[in-house]
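Let the sequences and hints guide you as you build the complete structure.
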Amino acid sequence: MAELGPADLIERGDELKFLDCGKMLMALSSRDRQFEEGFEILTAFAEKWLSKQPIKVACERNQSPALWIGLILEKAQGRSGGVVEQHIVGATLQKRHPEITIPNHPGHAADAQTGRSGDFPLHVLSYHVTAIVGKEVIERCKENVQSGVHPVLLLPKRFVEKALVYAEVAGIQERISVLSIEDFITQNIIEMSTQGNQDFFATLKAIIEEYNRRLEQVETDMSLKIEVR
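First residue of the sequence shown? That's 1 in my numbering, and the numbers climb one at a time after it.
Hints were generated in silico from the structure; no laboratory data involved. Hints may contain errors.
[Claimed, not checked] Computed cross-link-like contacts, BS3-like style, restricted to lysine-lysine with a CA-CA straight-line distance of at most 25 Å:
no., residue 1, residue 2
1, Lys56, Lys75
2, Lys56, Lys95
3, Lys157, Lys225
4, Lys205, Lys56
5, Lys225, Lys56
6, Lys75, Lys157
7, Lys162, Lys135
8, Lys75, Lys205
9, Lys157, Lys205
10, Lys95, Lys75
11, Lys157, Lys135
12, Lys205, Lys95
13, Lys95, Lys225
14, Lys162, Lys142
15, Lys157, Lys95
16, Lys75, Lys162
17, Lys56, Lys157
18, Lys142, Lys157
[To be verified] Computed beta-carbon distance windows for the label pairs:
no., residue 1, residue 2, range
19, Gln63, Gly134, 29 to 37 Å
20, His150, Glu227, 28 to 36 Å
21, Gln198, Gly134, 33 to 41 Å
22, Phe39, Gly81, 27 to 35 Å
23, Gln63, Glu209, 14 to 22 Å
24, Thr194, Gly134, 29 to 37 Å
25, His150, Ser223, 29 to 37 Å
This one's a predicted model, so the numbers in the text were calculated from it and none came from an experiment. Yeah, the Cβ is synthetic: ideal placement off N, Cα and C, and Gly gets one too.
Right, dumping it as structure tokens:
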């Protein structure tokens with residue numbers, strides 16, 4: 001049964017006259033009813049507006065880049081479905097290797113559909129990025145091993161140990177690199193900052209700008225853009 005709004009309940013007051021809540025509704029003045037209806041409209045508008053806001057992260061300049069990346073992934077958890085994870089790794093690789101065009105595909109485009117060996121094939125490496133760990137991604141890594149390509153599996157730190165167990169079960173634990181996204185991006189931030197003689201936050205901002213650019217190219221949900229300050 002569809003949920004009734006205030007106006008519907010008023011119109012159906014004869015059906016509620018034997019209920020306490022019905023008596024209370026019938027006793028409301030016209031101003032009270034208008035106020036309640038207006039409040040519901042504003043609440044619905046606010047909820048819709050908040051759901052479209054970008055991912056905003058406040059970064060203390062004296063903190064480790066690992067903490068910044070952890071905060072970004074934490075904010076993305078439950079709303080990106082792996083899109084944020086994939087594009088932030090892609091952006092990092094692009095900034096790290098400006099001489100190479102790093103592929104940019106929608107976050108939910110499967111490797112099999114696009115004919116890729118992974119999310120980001122790079123020379124003899126194939127980077128696989130996932131927000132969770134499952135047998136399917138391990139099978140893709142196993143295919144890399146069998147074809148002479150070294151798979152690099154990147155995922156949130158909390159899933160690294162589980163991924164290592166899956167890799168052992170698949171018999172590829174000695175031929176796969178399993179790294180946390182937090183550590184991978186942090187290491188690249190440190191190396192790029194050192195090479196470019198700039199602070200860590202400036203490097204992070206450059207990665208995020210590239211992330212937002214890549215997101216705009218292939219995704220439809222712009223609420224997954226990231227703002228760091």
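Does the alpha-carbon distance linking Lys95 and Lys225 stay inside the 25 Å limit? OK: Lys95 and Lys225 at ~17 Å, within 25 Å.
With the threshold set at 25 Å, check whether the alpha-carbon distance from Lys56 to Lys95 stays at or below it. Satisfied, since the Cα-Cα distance of roughly 21 Å is no more than 25 Å.
His150 and Glu227, beta-carbon distance inside 28 to 36 Å? About 35 Å separates the Cβ atoms of His150 and Glu227, which means 28 to 36 Å holds.
Restraint status (C-alpha distance of Lys75 to Lys205 at most 25 Å): holds (17 Å)
Holds or violated: Lys205 and Lys56, Cα atoms, limit 25 Å. holds (13 Å)
Between the alpha carbons of Lys157 and Lys205, is the straight-line distance 25 Å or under? It holds: about 22 Å lies between the C-alpha atoms, which stays within 25 Å.
Do the alpha carbons of Lys205 and Lys95 lie within 25 Å of each other, as the hint requires? holds (11 Å)
If you check the beta carbons of Phe39 and Gly81, does the distance land in 27 to 35 Å? holds (33 Å)
Take a quick look at whether Lys162 and Lys142 sit within 25 Å of each other, Cα to Cα. Holds: Lys162 and Lys142 sit about 16 Å apart, inside 25 Å.
Between Thr194 and Gly134, does the C-beta distance stay in 29 to 37 Å? holds (36 Å)
Distance restraint between Lys75 and Lys162, which requires alpha-carbon spacing of 25 Å or less: With a Cα-Cα distance of about 22 Å, the restraint between Lys75 and Lys162 holds, given a limit of 25 Å.
Is the Cα-Cα distance between Lys95 and Lys75 25 Å or less? Between Lys95 and Lys75 the Cα gap is close to 23 Å, so the pair holds against 25 Å.
Of the hints listed earlier, there is not a single one the structure fails to meet.
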